[in-house]
Amino acid sequence: MIEKLRGYWKLFTVFFRIGLFTFGGGFAMMPLIEREVVEVHGWAKQDEILDIFALAQSVPGAIGINTAVFVGLRLHGLLGAVAALIGVITPSVIIILIIAQLFSQFQSNLHLTRAFSGVKAAVIGLIAAAALRAARGAISDRFGLLVAAFAFVLSAAGIISVVWVMVIGGLSGILYYRQRGESK
Numbered sequence: 151m152i153e154k155l156r157g158y159w160k161l162f163t164v165f166f167r168i169g170l171f172t173f174g175g176g177f178a179m180m181p182l183i184e185r186e187v188v189e190v191h192g193w194a195k196q197d198e199i200l201d202i203f204a205l206a207q208s209v210p211g212a213i214g215i216n217t218a219v220f221v222g223l224r225l226h227g228l229l230g231a232v233a234a235l236i237g238v239i240t241p242s243v244i245i246i247l248i249i250a251q252l253f254s255q256f257q258s259n260l261h262l263t264r265a266f267s268g269v270k271a272a273v274i275g276l277i278a279a280a281a282l283r284a285a286r287g288a289i290s291d292r293f294g295l296l297v298a299a300f301a302f303v304l305s306a307a308g309i310i311s312v313v314w315v316m317v318i319g320g321l322s323g324i325l326y327y328r329q330r331g332e333s334k
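So for the sequence shown, our numbering puts the first residue at 151; every next one is plus one.
The hints are simulated quantities; they were obtained by calculation from the structure and are not laboratory data. Just so it is clear, CB atoms sit at the ideal spot from N, CA and C, and this is done for glycine as well. Watch out, some of these pointers could steer you wrong.
Pairwise CB distance ranges, derived in the manner of DEER restraints [stated by the list, open to error]:
| # | residue 1 | residue 2 | range |
| --- | --- | --- | --- |
| 1 | Gly287 | Leu170 | 21 to 31 Å |
| 2 | Ala271 | Gly192 | 27 to 37 Å |
| 3 | Met316 | Leu170 | 23 to 33 Å |
| 4 | Lys154 | Phe300 | 41 to 51 Å |
| 5 | Lys154 | Leu296 | 40 to 50 Å |
| 6 | His261 | Arg292 | 45 to 55 Å |
Please put together the full structure from these sequences, using the hints given.
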């Protein structure tokens, strides 16, 4: 019983720190989640975390929150999922409540406006770094590169919904590797 509680507490504290030190949403959380889950705690391997990210992106909700839930569920079942979920969202809830109370003062503060401009730029860098790491693990051949490029163009141009991009990518992978006789 004590070991289970320690496991839940560990999930809560790890995802609380991730939620506390990540600005910019779920995609900005990915490098921190990857580092904590793969490198620091060894809860998943590199290819497994990429699968978890893909799964978290494919269901409704924020990728950072979904990833926390999937990791918690994988490690400690439903209560682990709840502990990770509460851990990752608690810092945001607290920060939002504080900002809501002080919004009028923040809105006109030049230093804070400039600071948040820098934070936004840093978030773009974090997302790009996570995308490059994910690409290295997920794109293993020319077909994967072609699908990734095609998906990027479709999503960046807003031609079709991201859900359809993922469906088309999945179906094309099934067809391509079935035709080649590979068990990818």
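Status of each hint after checking the structure:
1. Gly287 <-> Leu170: 21 to 31 Å: holds (27 Å)
2. Ala271 <-> Gly192: 27 to 37 Å: holds (32 Å)
3. Met316 <-> Leu170: 23 to 33 Å: holds (30 Å)
4. Lys154 <-> Phe300: 41 to 51 Å: Once the Cβ atoms are compared, 45 Å apart, the range 41 to 51 Å for Phe300 and Lys154 holds.
5. Lys154 <-> Leu296: 40 to 50 Å: Given a distance of about 46 Å, which is inside 40 to 50 Å, the answer is holds.
6. His261 <-> Arg292: 45 to 55 Å: holds (49 Å)
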